[in-house]
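Enquirer: So you can see what is in the structure, the chains are spelled out below.
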Amino acid sequence: GAGVSQTPSNKVTEKGKYVELRCDPISGHTALYWYRQSLGQGPEFLIYFQGTGAADDSGLPNDRFFAVRPEGSVSTLKIQRTERGDSAVYLCASSLSISYPDNEQFFGPGTRLTVL
Amino acid sequence: RKEVEQDPGPFNVPEGATVAFNCTYSNSASQSFFWYRQDCRKEPKLLMSVYSSGNEDGRFTAQLNRASQYISLLIRDSKLSDSATYLCVVSSGSARQLTFGSGTQLTVLP
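Chains A and B, in that order, are what the protein sequence lines are. Under this note's numbering, the letters of the first sequence match residues 1 to 116, in that order. Under this note's numbering, the letters of the second sequence match residues 1 to 110, in that order.
Since the hints were made in silico from the structure, they are not lab data. Virtual Cβ for every residue (Gly too), placed ideally from N, Cα, C. There may be inaccurate statements among the hints.
Label-pair distances were calculated between CB atoms; the ranges are [said to hold, decoys possible]:
1. PRO101(A) x GLU5(B): 46 to 52 Å
2. ARG84(A) x LYS2(B): 21 to 27 Å
3. ASN103(A) x ARG66(B): 15 to 21 Å
4. PRO101(A) x SER81(B): 38 to 44 Å
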């Protein structure tokens with residue numbers, strides 16, 4: 001079946017611009033996670049949704065970052081007033097549920113964001 | 001101090017070699033432990049979960065020492081296709097998110 005998909009695969013923007021990154025989770029997966037991976041580092045947690053609500057947004061670095069999942073499926077990560085330090089690969093993952101044994105997280109291919 | 005620490009490598013080994021990766025974690029509340037594999041410019045994929053009793057999956061063996069807060073991965077009879085970055089990952093019971101180490105890069109040479 002289809003895995004997690006993310007669009008766009010690459011995004012180049014200028015400092016100060018607004019960007020939206022989209023994630024389509026695996027069908028039927030209730031939990032959705034956003035991570036950010038900088039070069040040479042492991043992914044870092046940003047936020048996760050259980051259904052439509054953000055269950056934990058403690059990883060969002062500041063208030064320029066916001067994410068939504070209005071219908072409990074597709075999610076959009078929004079970054080305002082982008083800065084060069086926001087350049088990274090943004091990874092989305094989904095899991096069937098948050099409870100073992102259905103909590104394995106499946107990752108999408110990521111969106112590579114470059115802020116010039 | 002990072003929550004999950006790994007030797008970044010790189011590890012360059014010949015085909016057929018045995019290689020071991022180590023990882024330490026600082027959060028004693030961590031309850032779930034994993035090794036993920038990440039190929040260059042690809043997404044991370046679950047390699048195996050790690051249990052206190054230790055577990056094996058073919059050529060891969062994972063061990064967990066809760067007292068020392070230490071996790072290991074052993075790869076026997078390395079194949080060229082094992083070349084990748086191996087990420088040590090922990091999760092606490094209350095937090096659903098995964099906490100990743102920086103990864104250990106492995107290259108298996110012909």
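Enquirer: Would you mind marking each hint as holding or not holding in the structure?
Expert: To see whether the hints hold, each was checked on the structure:
Here the CB-CB span from PRO101(A) to GLU5(B) is close to 28 Å, at odds with the stated 46 to 52 Å. Hint check: ARG84(A) to LYS2(B), Cβ distance near 23 Å, so the stated range 21 to 27 Å holds. Take ASN103(A) and ARG66(B): their Cβ atoms lie about 20 Å apart, and the range 15 to 21 Å holds. Taking the beta carbon of each, PRO101(A) and SER81(B) are about 27 Å apart, not inside 38 to 44 Å as hinted.
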